[in-house]
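Number of protein chains: 2
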Amino acid sequence: MFTSDYLRELTDKAISSLPGTPEAEKLFAPVRYIMSIGGKRLRPVMCLMSCNLFRDKIDEAVMPAVGIEVFHNFTLIHDDIIDRAEMRRGSVTVHSKWGADQAILSGDVMAFVAGECIGHAPEKSLAKAIKLFNKTAIEVCTGQQLDLDFEKKGVVSEEEYLRMIELKTAVLVAASLKLGAIIGDASEKDQDLLYEFGRCLGIAFQIQDDVLDTYGDTKMFGKKTGSDIAANKKTYLLVKALELAGGEKLSRLRGLLGPDNHDPEKKFREVLAIYDELEIRLKAENLAYEYFNKGFQALDNVSVKPERKNELKQLAVNLIGRVK
Amino acid sequence: MFTSDYLRELTDKAISSLPGTPEAEKLFAPVRYIMSIGGKRLRPVMCLMSCNLFRDKIDEAVMPAVGIEVFHNFTLIHDDIIDRAEMRRGSVTVHSKWGADQAILSGDVMAFVAGECIGHAPEKSLAKAIKLFNKTAIEVCTGQQLDLDFEKKGVVSEEEYLRMIELKTAVLVAASLKLGAIIGDASEKDQDLLYEFGRCLGIAFQIQDDVLDTYGDTKMFGKKTGSDIAANKKTYLLVKALELAGGEKLSRLRGLLGPDNHDPEKKFREVLAIYDELEIRLKAENLAYEYFNKGFQALDNVSVKPERKNELKQLAVNLIGRVK
Chain A
652 MFTSDYLREL
662 TDKAISSLPG
672 TPEAEKLFAP
682 VRYIMSIGGK
692 RLRPVMCLMS
702 CNLFRDKIDE
712 AVMPAVGIEV
722 FHNFTLIHDD
732 IIDRAEMRRG
742 SVTVHSKWGA
752 DQAILSGDVM
762 AFVAGECIGH
772 APEKSLAKAI
782 KLFNKTAIEV
792 CTGQQLDLDF
802 EKKGVVSEEE
812 YLRMIELKTA
822 VLVAASLKLG
832 AIIGDASEKD
842 QDLLYEFGRC
852 LGIAFQIQDD
862 VLDTYGDTKM
872 FGKKTGSDIA
882 ANKKTYLLVK
892 ALELAGGEKL
902 SRLRGLLGPD
912 NHDPEKKFRE
922 VLAIYDELEI
932 RLKAENLAYE
942 YFNKGFQALD
952 NVSVKPERKN
962 ELKQLAVNLI
972 GRVK
Chain B
652 MFTSDYLREL
662 TDKAISSLPG
672 TPEAEKLFAP
682 VRYIMSIGGK
692 RLRPVMCLMS
702 CNLFRDKIDE
712 AVMPAVGIEV
722 FHNFTLIHDD
732 IIDRAEMRRG
742 SVTVHSKWGA
752 DQAILSGDVM
762 AFVAGECIGH
772 APEKSLAKAI
782 KLFNKTAIEV
792 CTGQQLDLDF
802 EKKGVVSEEE
812 YLRMIELKTA
822 VLVAASLKLG
832 AIIGDASEKD
842 QDLLYEFGRC
852 LGIAFQIQDD
862 VLDTYGDTKM
872 FGKKTGSDIA
882 ANKKTYLLVK
892 ALELAGGEKL
902 SRLRGLLGPD
912 NHDPEKKFRE
922 VLAIYDELEI
932 RLKAENLAYE
942 YFNKGFQALD
952 NVSVKPERKN
962 ELKQLAVNLI
972 GRVK
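Sequence order for the protein chains is A and B.
Per the numbering used here, the very first residue in the first sequence carries number 652; after that it's consecutive.
Per the numbering used here, the very first residue in the second sequence carries number 652; after that it's consecutive.
Errors might be hidden in some of the hints.
The list treats identical chains as interchangeable, and a pair is accepted whether it falls inside one copy or across any two copies.
Cross-link-like lysine-lysine pairs, in silico, PhoX-like; alpha carbons within 20 Å at most [claimed, not checked]:
hint, residue 1, residue 2
1, 677, 803
2, 885, 677
3, 956, 775
4, 960, 945
5, 748, 803
Think of the hints as simulated: they come from the structure by calculation, not from any bench.
Assemble the whole structure, with the sequences as input and the hints as a guide.
As structure tokens, then:
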């Protein structure tokens, strides 16, 4: 079985060979930039590992896997415009560097570069691959829409929150795995099990991400903690706290979210105190582990020898266990 | 043979049946809006007519044809953000109505709705259809990039201008026709001839469009004339005039394009006077007709009976002859 390091290299090599258009240098410079400033290549590696479950030769899956990564980076460029984000993976965002107009257009072209890469799927898998890709891309846009809608919404339920992260994050991980399985000629049942594995893993990952923003070690996690609380972001933690808090606690929490709160340190400490009283961190971690386990059950049921699943399992464990 | 009116109805019916997502009403409202505020459905009608050249049953081409129209409207939404355009087809633009963030995201989802529609091509044509679609979409983005680059460029050659409109406008018309031919099981040669017909027609159309903005009758043309001159837009007329004008005439023209010119009526009259002295309109119309004729030659060489080509010919003549 191929290791994740090897598959990451394979992906990077394929990415660096993506054709540009000398005719419009300005169009592709931001594309090369966003594709080069890091990222773990998680989705293409998972796609290739999934294919590798079913066959030893995975060449045919490389370009489609790259397509998933290009699509993912396209969403980052446009989301960063919409979120007014200035930094991404420790580098300035595309729109901060080239302006929003250029970021729109260079993002756009990536949508079709991604489609072109997916179009390299072998002919017998092509119809399924294309259908899965477009369906998933539409869902990811829908997830981003729900996330934006939440900003203007007073109350967001746990169910609504979970659906949002499912669409915005989890379905792309799920689709990466399913795509690999499709190209690997897996049975429909195995394709669906791998999709479910990815879906659960993606949801667990996102909940974990919310926990880390508030409780993570800045140095190990690589981004500043507390930014979600500062921005009143409707994370799993806040959604759950607003659901569980009652009476005086709810008033306190709503007060902290109000416009009158000017000291971010104090706000962070006091929101954290409420989270602690409600055991929010524990509840979030339990839910993440529930999804994680559910995902592993799906993977266990995939009809290949257990030892073929080791690389994929290890990757998932590393992903979720990041700072534990 | 099906008439353009019938094919337009068929397209409209298919468009109105495009599935939305009740989950994210805000995401799809702008999509329905842009798809409903008119437009001639030129590209899908051409796609269907092209398919109809080779077979009487064209059902399989309907969804792919709609995909082309969805893609075209996606580019309009994003181009209007970039161009700060407030009106489109007599209605307010999507970003003026819903804001730029929403226009970015609703545009994005259309890129994949378009891909999904193209994915409905019959299995035997799918690989070709997908490849053509993504290649063309990348070219259209490249054309938009060149157009933006021209704004900051002092001198644009006629050759550069023609390449820009080829990419920004003509290749999509060409691809619409080729897509219909692919789905209609045409020979590769006929596919390429139809592509060439569309490419030439698209270039002729765009040159004609430039002529109409300056010389058209506002009432018949449906948009205010003179806006290109007011905005110093690098149209075929201006590019050619800057190439041909020398000495005192060039100084006069450059002066009119400078920032000191404050009376738009006077500017329009004086630029027009220079165009007249250089016979710019005549040169533009001659070039448009050259492309038009070249396109018709390609269509003439398509290996189906001449009478099957009548609808397509009529459509092309109506298109180019709009205000003659």
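Now the hints, each set against the structure:
In this assembly of identical chains, residue 677 and residue 803 lie within 20 Å of each other by CA distance solely across copies; the values are 13 Å between and 36 Å within a copy. When the C-alpha separation of residue 885 and residue 677 is checked against a cutoff of 20 Å, the pair qualifies only between copies, where the shortest distance is 19 Å, while the shortest distance within a copy is 36 Å. With identical chains, the CA atoms of residue 956 and residue 775 are never at most 20 Å apart, being 25 Å at best within one copy and 35 Å at best between copies. In this assembly of identical chains, residue 960 and residue 945 lie within 20 Å of each other by CA distance solely inside one copy; the values are 16 Å within and 60 Å between copies.
In this assembly of identical chains, the alpha carbons of residue 748 and residue 803 lie at most 20 Å apart only when taken from different copies (18 Å versus 29 Å within one copy).
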